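Assemble the complex: chain X is given as a structure, and chain B must be docked to it using the hints.
The primary structure of each chain is shown beneath.
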Amino acid sequence: MSVVDYTANRRVQLGGAILVGAFLAGVGAALYFEIPLERIFTVGFLNRTLTAASPIALAAIGGLYAEKSGVFNIGLEGFMIIGAITMAVAMYLMGGTSPSQPHVWLAVVAATVFTLLLTVLYAVLLIRYKADQIVAGLAVWFIGLGFAPFVASLLWDTIRSPGLASVHRYSIPVLEDVPFFGAVVFSQSPMVLLTLGFIIAAWIVLYRTRYGYWIQAAGDNPKALDTAGIDVNRVRYATLIFSGAMAGLAGAVLIAHAGEFIGTGDTNVEGRGWIAIVAYLFGNYNPVGAALAAVLFGGLDALQVQFQTVDIAVSGRLMGLAPYVGVIVVLTIWGKTKMPAAVGEPYEKEQ
Amino acid sequence: MLTASVYERIGIAVGSTLLALLMGLLIVGLAGYDPLQFARDLVAGAFGSERAFARTLEHTTLFILAGVAVAIAFRAGVFNIGVQGQLIFGGITCVLSIVWIAPFFPNGPISGTVLIAIGFVAAALAGGLYGALPGALKAYYGANEIITTIMLNFIAIGLVGWAVDGPLRPDDARSVRTEYLPDNVGLPQLVFENPNFSILGLAFALAVVIVVTVIMTRTRFGYDMVTSGYQVDAAAYSGVASKRMIVQTMTFSGMVAGLVGATFAIMIQGYFIDPTGIGNYGFDAIAVSLLAANNPLGVVPAALLFGAFDSASSYVQIESGVPVQLIDGIVGLVVLFVAAPELFRMLAVRTGLGGDN
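Keeping their order, the protein sequence lines are chains X and B. The opening residue of the first sequence carries number 1 in our numbering; numbering runs sequentially from there. The opening residue of the second sequence carries number 352 in our numbering; numbering runs sequentially from there.
Isolated chain X (complex conformation):
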């Protein structure tokens, strides 16, 4: 067993031990305080968790592709905000305050494409002009935080959109009545299914195709890839633009569930792009791992509603901080991730 395998194994064991410990502590606390567990962990809770996890997972997949290839896309949060406002604006322009379902789907496409186009400019700045990846990524966040409410203000005179439309759940007759599975699998937000599709596709492309190997090589050993005749920067352009599009899609999916854009404070995105970065670090750059981490953070997010429904007297505002605390705990335990060797270094071909 190599050293890498050993540390990877230890990480899994350590992670497993902590999850089991946290679970036992939670059950213990619930028994002690007589909290009705069966009323907290309901099917509704699972569905809300998956709904909350989808945007995080989508952005995380994009981010991990970029980082695998050697570029750190720290602008995920900003691109999510841009995707979110574009989604709201597109819905409003097509269907006013009562957009139809086709409008919702068209708006998702519009938001993804628009964010993709902006990421092309960002990619040129990062790769061709060798911009500082951290500073430029922060800049995208600030640009999103400024221009998204600005656009909302121009259009609606306030920084919050009117109520628009949410995407409808699909439900398959008969099958949806199957206990538990019916309500989770056969009656679900289509966005959750879409996310699942992206997770599987991202895993296959990264680990089972030639292009996936190029992406990994661009981050781990760009020189070798170059020697093999593949243009490193072209691979990086592709993954970076893909990550922006995925963040835009993530923002759009968030709005498709929320049904409105909120421009106050940190907008409705509220740090989910940053959480996505932690999700893929936690998931060890594996799309499936990143998705599982997203489910964890989504669950912490959804817990807030659960506690309210069972009348546990914890302030909603304090419960809303759970994902952020979770992120810090995760980063503290999993901080020393094995980053691709060449992340953050612009690649220059030797003449």
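I should point out that these hints are in silico values taken from the structure, not numbers from a laboratory. Incorrect hints may appear among the rest.
Unchecked claim - With a straight-line Cα cutoff of 35 Å, these simulated DSBU-like cross-link-like pairs (lysine-lysine) come out:
#1 B:594 to X:130
#2 X:349 to X:223
#3 X:223 to X:130
#4 B:594 to X:223
Computed from a prediction, not measured in an experiment: that's the story for all the values here.
Here is chain B on its own, set in the frame of chain X:
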């Protein structure tokens, strides 16, 4: 950026600001407003009257302190994005410590001065601790400080917001706030007649700039700190304990951020409010510091620019109807351009200006 000369850095800062402003004007035009009117209102809102100028200096004071806090960390190669959270913790601690200790002092200007000093020290301690936490997590557990400090911002806003609306809110308070600071705690009105600005606050901020500059350029600690930012290996060879340095840097940076909170509470607000209602000084300070190439002295003119932006924003919305958020967007563009000095070098070569490199 590290290899740029002083002139190049100034060129990049001026170029970035002008380019961002130009794009801002373009957007104003596209949105159907008059860009020239917008530009005139921008200047009038910041410097057009004594009232506007005092307001500009009020914001400048906070931006100087916050910019220095960011510059300390960035200079040492640590990305402290958590100045906003640190200033919130510093500010609330300042107000609470003064409110709690004040009953033990007689009412009068001298005890007022002592209370202000206590408030500033308490704020620096609280801000320093809130900065030391992500510093220690980075140094000893490898937790990326960009993300932990952003999370700690959210946590500070949520926690303090909950506290000022709950346990810390006086029964007779109609709005979300803490107790008022005692009457004898406040900075005197000199030169300008603006209840939210005292020239003493600005003087204090400038004094902090000088102290930090001296520490960074004339002391062993400062030398080690800056060296660990530029030359990690060299610092290690000369015996710098890099882990402890990270914690110390973050503590130092957080302490200055705490002073922003104290200045906000004592000079401007007179009590503490829900942190969502406090301006994004900690975030804009990142732009301030970057424009200044993370040099504490350079922070002063950059802070004046951002003070002017902030001061003008509400005036602009009232006069020309352009939503204030545009200013935040322009700030983002400034940061984006500062991140890409190569862009300006190539532009300079293309246009024949300073095309010697």
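Now for the hints, and whether the structure bears them out:
no. : hint           : in the structure
1   : B:594 to X:130 : holds, 29 Å
2   : X:349 to X:223 : holds, 8 Å
3   : X:223 to X:130 : holds, 18 Å
4   : B:594 to X:223 : holds, 32 Å
Hint violations for this structure: none, all hints satisfied.
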